[in-house]
Amino acid sequence: MAALFLSPSQNMAKALLRLIWLVILVTAFGLCQGSALKFWAVSGSISDVKMYNRLAADFTKKTGIQVEVTTLAWGNFATKYFASMAAGLPPDIGVTNLGGPFDYGSVGGLVNLREEFPAETKELESRFNPHLLDMFTLGDKLFGIPSDLSTCVLYYRTDVFEKLGLKPPKTWSEMDALIRRLEAEGYRYYYGFPTGAQWAMNMFTLPFGKPDFALDPSGKPYLNWNDPAYRAGVLECLELLWSHDSPGKDLGNKVVGMFRSNDKSVAVPFFIDLHTVSGQIRLTAPEIEGKWDIAPWPKADQGSPSNVMGGTAYVIFRKSKLKREAMQWLMYLNSLEIQDRIIFDRENRGEESALSVSPLKDVWGPENAKFWQEPSLMKDHRIREVITQAFPAFRTVPTIHGSVEASRLESNLLDQMGTFIRDRMDDLGSKYKITRTELVKRLGNGSLEVDRANLHAQIAEKLKAEYAKIAPEGTHDLEHETAHYQERYGDIVARLPDYERQRNVLDVVKLIVGILLLIAFGAVASVKRLRKHFVSYAFVAVPIVLAVVFVFVPAITALYLSFTDYHPVLPLSTAKWVGVDNYHGALGSGDLLATIGRTIKYSIYTLPTGIVLALVFAYLLNSKLRGERIWRFLYFSPLVTSVVSIALIFTQLFLGGKQGWLNAALLSIGAIKDPIPFLTSEHTFLNCVIILAIWHGLAFTILVFLAGLQQIPEALFEAATMDGANPLRRFWNIAVPGLRPQLFFITVLGVIGAFQVFETIYVLAGKSGDAGARFGPNDSALTMVPLIYHTGFETFEMGKSAAYAYILFIIILAISAIQFGVYRRKEGKE
Amino acid sequence: MRKTTSEKWVTYLILGFGALIMALPFYYMVITSLKPTTEIAQPTVSLIVKHPTIEPYQKLIDGGLIVRATWNSFIIALISTVGSMLLCTLAGYAFAKHNFPGKNAIFLTLLATMMIPGSVLLVPSFLLLRDFGWLDTWLPLIVPGLAGAFGVFLARQFIEKIPDSLLESAKLDGATEVRIFRSLILPLTKPLLATLGILTFLGSWNSFVGPLIILLDEKKFTLPLVIAMLQGRFTGQDNVQMAGALVSIFPVLVIFFLFQKQIVSSLASSGLKES
Chain Z
5 MAALFLSPSQ NMAKALLRLI WLVILVTAFG LCQGSALKFW AVSGSISDVK
55 MYNRLAADFT KKTGIQVEVT TLAWGNFATK YFASMAAGLP PDIGVTNLGG
105 PFDYGSVGGL VNLREEFPAE TKELESRFNP HLLDMFTLGD KLFGIPSDLS
155 TCVLYYRTDV FEKLGLKPPK TWSEMDALIR RLEAEGYRYY YGFPTGAQWA
205 MNMFTLPFGK PDFALDPSGK PYLNWNDPAY RAGVLECLEL LWSHDSPGKD
255 LGNKVVGMFR SNDKSVAVPF FIDLHTVSGQ IRLTAPEIEG KWDIAPWPKA
305 DQGSPSNVMG GTAYVIFRKS KLKREAMQWL MYLNSLEIQD RIIFDRENRG
355 EESALSVSPL KDVWGPENAK FWQEPSLMKD HRIREVITQA FPAFRTVPTI
405 HGSVEASRLE SNLLDQMGTF IRDRMDDLGS KYKITRTELV KRLGNGSLEV
455 DRANLHAQIA EKLKAEYAKI APEGTHDLEH ETAHYQERYG DIVARLPDYE
505 RQRNVLDVVK LIVGILLLIA FGAVASVKRL RKHFVSYAFV AVPIVLAVVF
555 VFVPAITALY LSFTDYHPVL PLSTAKWVGV DNYHGALGSG DLLATIGRTI
605 KYSIYTLPTG IVLALVFAYL LNSKLRGERI WRFLYFSPLV TSVVSIALIF
655 TQLFLGGKQG WLNAALLSIG AIKDPIPFLT SEHTFLNCVI ILAIWHGLAF
705 TILVFLAGLQ QIPEALFEAA TMDGANPLRR FWNIAVPGLR PQLFFITVLG
755 VIGAFQVFET IYVLAGKSGD AGARFGPNDS ALTMVPLIYH TGFETFEMGK
805 SAAYAYILFI IILAISAIQF GVYRRKEGKE
Chain E
16 MRKTTSEKWV TYLILGFGAL IMALPFYYMV ITSLKPTTEI AQPTVSLIVK
66 HPTIEPYQKL IDGGLIVRAT WNSFIIALIS TVGSMLLCTL AGYAFAKHNF
116 PGKNAIFLTL LATMMIPGSV LLVPSFLLLR DFGWLDTWLP LIVPGLAGAF
166 GVFLARQFIE KIPDSLLESA KLDGATEVRI FRSLILPLTK PLLATLGILT
216 FLGSWNSFVG PLIILLDEKK FTLPLVIAML QGRFTGQDNV QMAGALVSIF
266 PVLVIFFLFQ KQIVSSLASS GLKES
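So the sequences go chain by chain: Z and E. With this note's numbering as the guide, the letters of the first sequence map in order to residues 5 to 834. With this note's numbering as the guide, the letters of the second sequence map in order to residues 16 to 290.
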């Protein structure tokens, strides 16, 4: 730090800095735990940490290798893994999502297991079903092995089914007929898990042997979006999700509440969800024990049996210095004994108990039959039977370059289709002036057969048209990335250590800034005229050095980066100069324009509403009130509360079914007749962000206006009252004009703030909980900062992200300049 | 302002309605955080909690992650706050009361940093910090903010109002600059120090994007990160998520209630910083 070079008169700052360093060092030291094997696991549960810690202790006893376990929550784990690789601080071995091995492996972040550990890998590979490893393979390289799988099953109330003479379906068409029957009886069914999740479509398209993307024998990528069989699978899923009266996504264990209920208006006697929900039903709804059962996912009518939903995978990182130990740990975890222990542990966790689906064949085979006789495992014997039945059909699809980009197109299409289907359902509802429940009932009992057929045809046609629209771009993404990969990364990934030694732009910038700072210090120390003021320079040194190092240096670096193509997992020296391509691309594609449009919409809705409300409340709060302290506390408390926590609360208030408070309130006052899927519809998502912004921002605006009101002489108000002006008049003629500077100030801040909104969208979109979440359905709240974050830290196109950031910077400067100009002119006139 | 009874009545009615809307999310948070799983797993809305339980809080603290994160956030905010109070005042004092060549240029350079929005620096800061080896440490959450331009600006504005005569008489008595700062400026700037302290503490305690990008190891996570993560760790367990929100909100609310006046006036002066 600069301050350390300075004179004794700087004692205090020096001492303080030393203290801070000391505290940080001590804490950092406390966090350091030596050179244990670092193991990261994506997991939804804290009990997994405990389990892995127990396994690690056992492993240490056997091998002497220490293992340090860290868990990552579902949600932004992919960003964390990428960032750790980019930072050069990856763990030795990790558990990721199923897509992880390909994603991290293709940019050189992972060990190719087949090359590094041929013998062990061969043994491991023989223990999986054929095609279960397809997703982790890139050419002849294998970047990971599955760790844990999950699958969808059917849950049904046997008592209700018996009463209605229904049987669990064996095919998709039987399932459709079953759902219609239930709906005709006034029931509904629930299916929400894969909403908007493009990767979940594999479950519907694999039975036809149609993965979303694939390579033809010559190695050329193609997509199946225009294939009727592929679309038929997607159509099935879309209709299951949207053309019913399903209460929406993320209901958590409220679905268990609906499953156990006997009240027809809320009861859901049949639903589709992950196999792990069975544990929750057993524990939270004991009174329906014996009245419910599970059935396997039905077979597509004309398709082969096939089943995969999701899961996790093990990977070993290239930068690890303990690769051999990591492999030992991997082999240990994959032994039959430990797999059994993991299953046993996860089955006995109270409320969280669930059957863990091991991907290893031998776990489900006859050699392990004795283990399953364990009394505590017997309670889930049905789900085990169902899984054992489905297990041979488990497979994954290969991933190819460009699939990340193409998937995003498809995910947004699925969201658009959801909105489309909901809108058509609403049209039908208003045509017959009936609620959704009633509509679904009539569609189910056959009284609206023509409408039903029309609806189906409309959806199919729209799906076909939309896929045709995005297919060229998707194909381009695949072809470009496949070709680009070899050209761009082929050599780099092969010669990474060379590139790591090369100089890069930061070295240059640091050198220049270092020289400048040295000159400055040198001048102060040697030029007599300056040395006189030594103390003054010392006092201002810290802020100016911090500003140079942490603002100007990154700002200059970003300018350079914005003209390059750079993936942060690779060394900075691999950044490739691309000229104005990033700016050209940003301005040329519709993305930026759409993003700015959303941002403007956000500010147009947020600002005026917020200002009007704040004016009213500030005006009223400015009067002499009883319990002023309490009133102010109530209105100002959002000022100090973290927006992340507030967004978490609003996420629940906005819940889409009748269980959401906002929906319940609107339903009870008769403002709506069907619950609104607030956070899962692209019509409403941005509005939710806006409502939250108004709520959270109101306090600050009131505060500013209140301060302004207190400067308006009371005599003015009193004179007006004498003249017989009513309160509204006094508000409008005295208070509002008197607040002109504050109104200006709030508008400037509000517009700039609108261009900077991030946290609320991040949390409301569920990005910290759901790996597939985008910035709202169909990216409907992808505003400026989310766009920068997305390109920089989700798709890791740092050059593009820097270009967006500079464009944002220029926009903000321009807006501020215009606003100041307008304000000055107005002030000048008066 | 004097008001008629009916005006008063309308005032309280409107304010009461507004306060209800402002308080409702907090009410939801409190009661949901006390609900047992069986009450969460209900198909209908319940405005009250029938069998309050601390079980969600037990689940929340299980594993110690949230306790550690609270402590982490506290330490980071504390160091930032103390550092910022001293260093901003020190620089503000020099800018306000000293004359030295290049003073205005340096001050303007400093102010220029306020023009650059933090989001512009997301990507390059990440790369710079990686280069420093500061990723996955707390240093980037503390050091760059130790003497922010806005704090220095506030300090300069405040200290300018201190009469020069006071300083001159101290100088005549032969006091060194450090002495003047310690025994004259610091005692005179208590309201300023409070404002700087409150703004830095709140900013640090509630910050999200920086830690999101910088921290990798859960043990080093700050509270807002862990709160956001609850969505993934306790999916569908609304009660545990709300217990977490409460843990992050409650301490600041209590402090706010106690020092309302000072905090409100500090935040009112923070206007410029919001940008």
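Just so you know, the hints here were simulated from the structure itself, not pulled from any lab data. Don't take each hint at face value.
[What the hints assert, rightly or not] Keeping only pairs whose Cα atoms sit at most 30 Å apart, straight-line, the calculated DSS-like set for lysine-lysine is: (1) Z:Lys628 / E:Lys74; (2) Z:Lys662 / E:Lys74; (3) E:Lys74 / Z:Lys536; (4) Z:Lys295 / Z:Lys171; (5) Z:Lys383 / Z:Lys174.
[Stated by the list, open to error] Interface residues of chain E toward chain Z, partial, derived using beta-carbon atoms under 8 Å: (6) Val60; (7) Phe115; (8) Pro132; (9) Ala164; (10) Gly218; (11) Gln246; (12) Val267.
Every residue gets a Cβ at the ideal spot worked out from N, C-alpha and C, and that includes glycine.
Right, here's what the structure says about each hint:
| no. | hint | verdict |
| --- | --- | --- |
| 1 | Z:Lys628 / E:Lys74 | violated (46 Å) |
| 2 | Z:Lys662 / E:Lys74 | holds (27 Å) |
| 3 | E:Lys74 / Z:Lys536 | violated (62 Å) |
| 4 | Z:Lys295 / Z:Lys171 | holds (14 Å) |
| 5 | Z:Lys383 / Z:Lys174 | holds (24 Å) |
| 6 | Val60 | holds (4 Å) |
| 7 | Phe115 | holds (4 Å) |
| 8 | Pro132 | holds (6 Å) |
| 9 | Ala164 | holds (6 Å) |
| 10 | Gly218 | violated (11 Å) |
| 11 | Gln246 | holds (3 Å) |
| 12 | Val267 | holds (5 Å) |
This entry does not satisfy hints 1, 3 and 10, going by the numbered hints stated previously.
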